[in-house]
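Visitor: This is what each chain is made of:
Number of protein chains: 2
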Amino acid sequence: MIRPTSLSLLLAATLALSAAPVLMPAAHAATTQHAADAAPVLVTLDEWKAMTAQGKSAPLFAKEQAKAAKELDKQIKRGIDVPVPKDPGGGYTHEQHKRNYQAIEAAGTLYRLTGDMRYAEYARDMLLQYAKLYPTLGPHPAGRSEVPGRLFWQTLNDSVWVVHAIAGYDAIRDTLSAADRKSIDDNVFRAMARFMSDESADNFNKIHNHATWAVAAVGMSGYVLRDETLVNKALKGTKQDGNAGFLKQIDQLFSPDGYYEEGPYYQRYALAPFILFADAIARNEPQRKIFQYRDGVLLKAVDTLVQTSYGGYFFPLNDAILDKGVDTEELVAGIDIAYAQTGDARLLAVAQQQKRVLLSPEGLAVAQALQEKKAKPFAFHPTLLRDGGDGTQGAMAILRMNGDDGQTLVMKNTTQGMGHGHFDKLNWIFYDNGQRVVTDYGAARFLNVEAKQGGIYLPENKSWAKQTVAHNTLVVDETSHFDGDWKIGEQRPPKQLLFATSDDTQVSAARMEGAYPGVSFTRTMALVSHPELSEPVVIDLLRVHGDKPARYDLPLHYAGHVMQVGFKAERALAERPVLGKDNGYQHLWVDAVSQPASEQRTLEWLLDGRFYTYRFAGSAPSRAILAESGANDPDFNLRREPVLIQRMDGQKDATFFGVLEPHGEYNGTAEYVRGANSRIDKLERVRGSDADVIVLTIAGGKTLALAVADDPDKADVEHHVSGNGYDYRWRGGWARFDAKSGAASGAAQQAKTP
Amino acid sequence: MIRPTSLSLLLAATLALSAAPVLMPAAHAATTQHAADAAPVLVTLDEWKAMTAQGKSAPLFAKEQAKAAKELDKQIKRGIDVPVPKDPGGGYTHEQHKRNYQAIEAAGTLYRLTGDMRYAEYARDMLLQYAKLYPTLGPHPAGRSEVPGRLFWQTLNDSVWVVHAIAGYDAIRDTLSAADRKSIDDNVFRAMARFMSDESADNFNKIHNHATWAVAAVGMSGYVLRDETLVNKALKGTKQDGNAGFLKQIDQLFSPDGYYEEGPYYQRYALAPFILFADAIARNEPQRKIFQYRDGVLLKAVDTLVQTSYGGYFFPLNDAILDKGVDTEELVAGIDIAYAQTGDARLLAVAQQQKRVLLSPEGLAVAQALQEKKAKPFAFHPTLLRDGGDGTQGAMAILRMNGDDGQTLVMKNTTQGMGHGHFDKLNWIFYDNGQRVVTDYGAARFLNVEAKQGGIYLPENKSWAKQTVAHNTLVVDETSHFDGDWKIGEQRPPKQLLFATSDDTQVSAARMEGAYPGVSFTRTMALVSHPELSEPVVIDLLRVHGDKPARYDLPLHYAGHVMQVGFKAERALAERPVLGKDNGYQHLWVDAVSQPASEQRTLEWLLDGRFYTYRFAGSAPSRAILAESGANDPDFNLRREPVLIQRMDGQKDATFFGVLEPHGEYNGTAEYVRGANSRIDKLERVRGSDADVIVLTIAGGKTLALAVADDPDKADVEHHVSGNGYDYRWRGGWARFDAKSGAASGAAQQAKTP
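One line per chain: the protein sequences are E and B, in this order.
The first sequence begins at 1280 in the numbering used here and counts up by one.
The second sequence begins at 1280 in the numbering used here and counts up by one.
Since the hints were derived computationally from the structure, they do not count as laboratory data.
Some hints here could point you the wrong way.
Where chains are identical, the list cannot tell them apart; a pair therefore holds if satisfied intra-copy or between any two copies.
BS3-like mimics (lysine-lysine), calculated; alpha carbons at most 27 Å apart, straight line [stated by the list, open to error]:
id: 1; residue 1: Lys-1353; residue 2: Lys-1377
id: 2; residue 1: Lys-1377; residue 2: Lys-1860
id: 3; residue 1: Lys-1353; residue 2: Lys-2019
id: 4; residue 1: Lys-1860; residue 2: Lys-1847
id: 5; residue 1: Lys-1518; residue 2: Lys-1655
id: 6; residue 1: Lys-1356; residue 2: Lys-1981
id: 7; residue 1: Lys-1568; residue 2: Lys-1827
id: 8; residue 1: Lys-1860; residue 2: Lys-1961
id: 9; residue 1: Lys-1349; residue 2: Lys-1847
id: 10; residue 1: Lys-1931; residue 2: Lys-1485
id: 11; residue 1: Lys-1377; residue 2: Lys-1485
id: 12; residue 1: Lys-1568; residue 2: Lys-1527
id: 13; residue 1: Lys-1356; residue 2: Lys-1568
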């Protein structure tokens, strides 16, 4: 049992009598005062000692410490406030309990770094109030969904509370009287661990990020409380049989490439407990080699999370808040801990951008390395991230050219992504010039804003943001993929068919079957550069096979101000109808609709000083619809964003093809405009028996052709496509042809790439 | 006449034979080669010498020079292209002639700075092509409005061409053969001067910024061509009698405070020829003391232009492009030349922000001063800028708190601003947190974008952007001020009644009579800080007197996403009507309309991480309308921006009052929300016999009251207002009262200010 030495008690009494803060060397205080079973285990005494000694000479660490101290001193001045839980997210008690776990963690840390007992006492006093409060609590009065918490409306938030508070508690635990320690051990952390595990076993044993927070909370509590059973439950599930728990979660929630199926936004969120708990495991049970587990997938996950960002922000796919980026605290932990494991200097570039470090040994190491100017560029690169535990549940294809703020095309061929997944199979987004050009709405949600239903997902998240029409992919008969049932979606991942990159061409292709009964669609997208084009362009080829005539809609959500509508359309000028009744269509105001036609059309817009021309056509006559989100939105929950929809009616088999071309410059400061006109004169599709060729004729007459086989995954098949005066032969799933003029010679053109 | 020495001819011949660039010390080349009447006069030989010697050690200057050289070398490689004029603004020939004047100026400058004859020859050869082309030209084929140019569609652009090209020509003129010099003198600059002055006398003799460009072009040509008559015409008009020309323009176009009546956007544009020509005058006729002319108003104008900016961008009042800011080249010239005149180190802070300098003696001086770290903060401050040549044509009142990215309230009580003026008397805009919060649409125009009608003002500029409803001021019976006739507006400036500032209160009041027949309105706005409020708030009191019942609309154009509509309103959910028929109302989509009521209402929105609550009420029942611009916009020319309109029907006399409160923080990265709720519990108006008091009750019960006399310009009148349990007495136009609680004591509260 816990047996403080009489010296420590004496010391504690002395300190209690002293009004002024008593500064003592932290390491001394820690090593001499207490029994081993109360000593810190999440960060060791030696590590605290090293941080105290070296922190001041690593500016980023010192700055972080000063900031934490300033913040905490303010809070200490305000006094302790542990309110009875009442409010939902964003409300007073919710925010106060959040502030409290931050304060407990900060107080424990600052006590160790400064030796100032005021901090330890503050954490103690607050935790003692929790020890009184917690045992009195039942389910949260604003309890939400299946798993209400006690301190918060969701168990999830309770878990997060523990993951942070236990770190602060670990740091001060050996300063406490036996009675205080027992009270906090039992009434706070053991009780909360019990609530989160055995009493909420369904949640705890899920393979889901909420459960990861729960197992991290319970497992870290286990180490601090010296309770092996808690650790075991955390690692292997409440039954301790390995069918649930942390290890199973690592097995199933990450793909072999470190991709997390809910997408980057939730990967970021889920990553924190994975990384923090793994760090605790590595310290306390190094023999588990947790960071090497499954070929080092946790470290890959950190790298992958950075790869799934642009301009500092995560790709906002699935339920995602647009303003989340690499400086989020979860990734600060991820980068610092991954760097400690790998010494990979590219991670330091991310830390530099974060401008923050953990107040931990890992944070100190990063701060020191930055001080020594060891950072190397992160080096974003085109990459295919396989999805699914075994890597066969589709993939996210990321095409990139021209560095960090160049072109990035993300093709979302991943699996559904559970309850936070959107119905957006083979969706794509595109970045250029530092901007979101072809967009994804992300989630309809104002995180933590009480006026917006407490900050939860708004009704429009389901009625708009998740729906297929809110994405840049095929909609059949105005319904969403899987008829909007994510559980069906989970069973039907897309298939990644092709991923290839060369200097001037990057291609990805995927096929989706089962999103609609009797319909399969195959999409090939390419990012191609050409000496006659100022920027690389995106080529899109979407082939649909259906078993009955249907309405096919292909939306393109773009950002920018329309410069030219390159087609005749009837404008909704003085009243503005709604496009449809349901599945997201009820949220679209119609701005213009064209008559059905087969010729190629263009839409040009301006965004942040650059022009974009989208040139598009189809295999059968289609209408072009210009619309905007925001209809049927009683509480002004939606952003109003434009969309172009190609609509083809009455076809079974259909092909859509298009090219998106960034060009020119609008400079308001220097008052000039350059390259405001598209440099592509013509977009053609030449159909063969088993393949398509998309031919771009560029100003001046040169042609760039992208040939794509109907089955782009078959590498050894020969193809021959001719027509419109062109003649192309190649072997394999795709080929690129560059020619000096569109006038085809008698001989087939030579493929430039395989 | 021009008499090159035989030495210079010999040297020129040698140089012409040499294929490789011949580098010679520029000063040497210049002093020994040529007759005095060809030597440079816009920058002297000694000055060129000093720049050559010292430029390299002033990094900003050296960088500018390297950039200019890189740009010009590229252009020299492409060869000379002097096309026959054909296209409107944004079109090919337009842009090419723009590039050419920049090239001529750069080539002259770089010849002097490097001694490299390639540059001089390039400028010469290009100018010789102009000498061939120009005499063949008639009015521009795309000629626009009353004053078509020859090289460009507007004479204005021709003038700008000369102002820049003459500087380049001045620098190389003494390197030319007599024949070449005569050809360029006569066929380019003398011919263009003749065209701009005598042949376009109406334009030249106007008191208008277009004419300033013309007089600068002619005057600078006069100095270079040693033609006193041209200089005299430039200074005093074509008749040389002083009723027109530069001096008259200085007299009439700037107010005594250096404000230019068209507003900041055109002040920036107009400033360039004023400053550049003044600089030429100062060098060639220092005895004129042009920069001291009229109490140094040209230098004041530079300072004032900076004061009329926020976050680096000019207030977008009247016809204005939103992305114009202090880094615009006109203000680079302004800052450099003003610094040379005054040595005011505050200007260096602006230069620092511009990150550019002129390649001139003045630019060198700024670059050197920056290198020596002499810059001081610019120090934006609350200020009243009187309008009109004599300072009695209204004013622009700028209230500011908390520094550069703090709160800035601009009350536009200026006169009409000629043809580019908007019908927006007593309009206001508000900045906070680095953002535009209460907005002005600016101009409906995409500068230089050919697809948008060549970049001219679009039809929507007249039908929307200029109209009163597009601004934050009173609209009577859905018509615009002066019934949309700017010439009437010119005759009826508003009257500034009050401008006062103290530590915690800044107040401005103005009255407008004659905007509508029989209607006068008086508006008082204040920026007030209070210890219980996180940020200063804006108080608005608008009193209207009319001679018959009318419809009064008071729009508030805001930026941000609606968080809470604090009143009941019927939402336009599934079809969206247009608010009105004409005068801008036809461009407003209706989102929601409330029933008429008298109680106070609120609207809360979120912008860039900060919340804003607008709380408003009126003296009689009013409706609240939520709407958005974008209706009846066939070519997608309008941005879509939200507006709240208070609508009061059937009143003669009416009062609108409101308070705009910035508060709280939304942080998506760190996932917290603070202060999302307004801290103002109540907004009341207490009416006395000759004054109003606006009382704010702040959370916790303290009150802040702003008392405003009906005639706020009368300083010595005693006022007494009581009611609602309040009792206030004060002397003068306004007073502020702070109290611990709203419960009024028997005794009148003590005025805190003035």
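Visitor: Confirm or reject each hint.
Guide: Each hint, compared with the structure:
1. Lys-1353 / Lys-1377: For Lys-1353 and Lys-1377, the Cα distance is within 27 Å only inside one copy (16 Å; across copies 59 Å).
2. Lys-1377 / Lys-1860: Answer is neither: 41 Å inside a copy and 53 Å across each miss the 27 Å cutoff.
3. Lys-1353 / Lys-2019: Classified as between: cross-chain Cα gap 26 Å, same-chain 70 Å, threshold 27 Å.
4. Lys-1860 / Lys-1847: both (26 Å within a copy, 25 Å between copies)
5. Lys-1518 / Lys-1655: Cα proximity of Lys-1518 and Lys-1655: none, with 45 Å in one copy and 69 Å across.
6. Lys-1356 / Lys-1981: Between copies, since 24 Å is at most 27 Å while 72 Å is not.
7. Lys-1568 / Lys-1827: Neither: 55 Å inside a copy, 86 Å across copies.
8. Lys-1860 / Lys-1961: neither (36 Å within a copy, 42 Å between copies)
9. Lys-1349 / Lys-1847: Intra 62 Å, inter 44 Å, cutoff 27 Å: neither.
10. Lys-1931 / Lys-1485: Classified as neither: same-chain Cα gap 41 Å, cross-chain 69 Å, threshold 27 Å.
11. Lys-1377 / Lys-1485: within (25 Å within a copy, 67 Å between copies)
12. Lys-1568 / Lys-1527: Cα proximity of Lys-1568 and Lys-1527: one copy only (15 Å, versus 84 Å across).
13. Lys-1356 / Lys-1568: neither (43 Å within a copy, 62 Å between copies)
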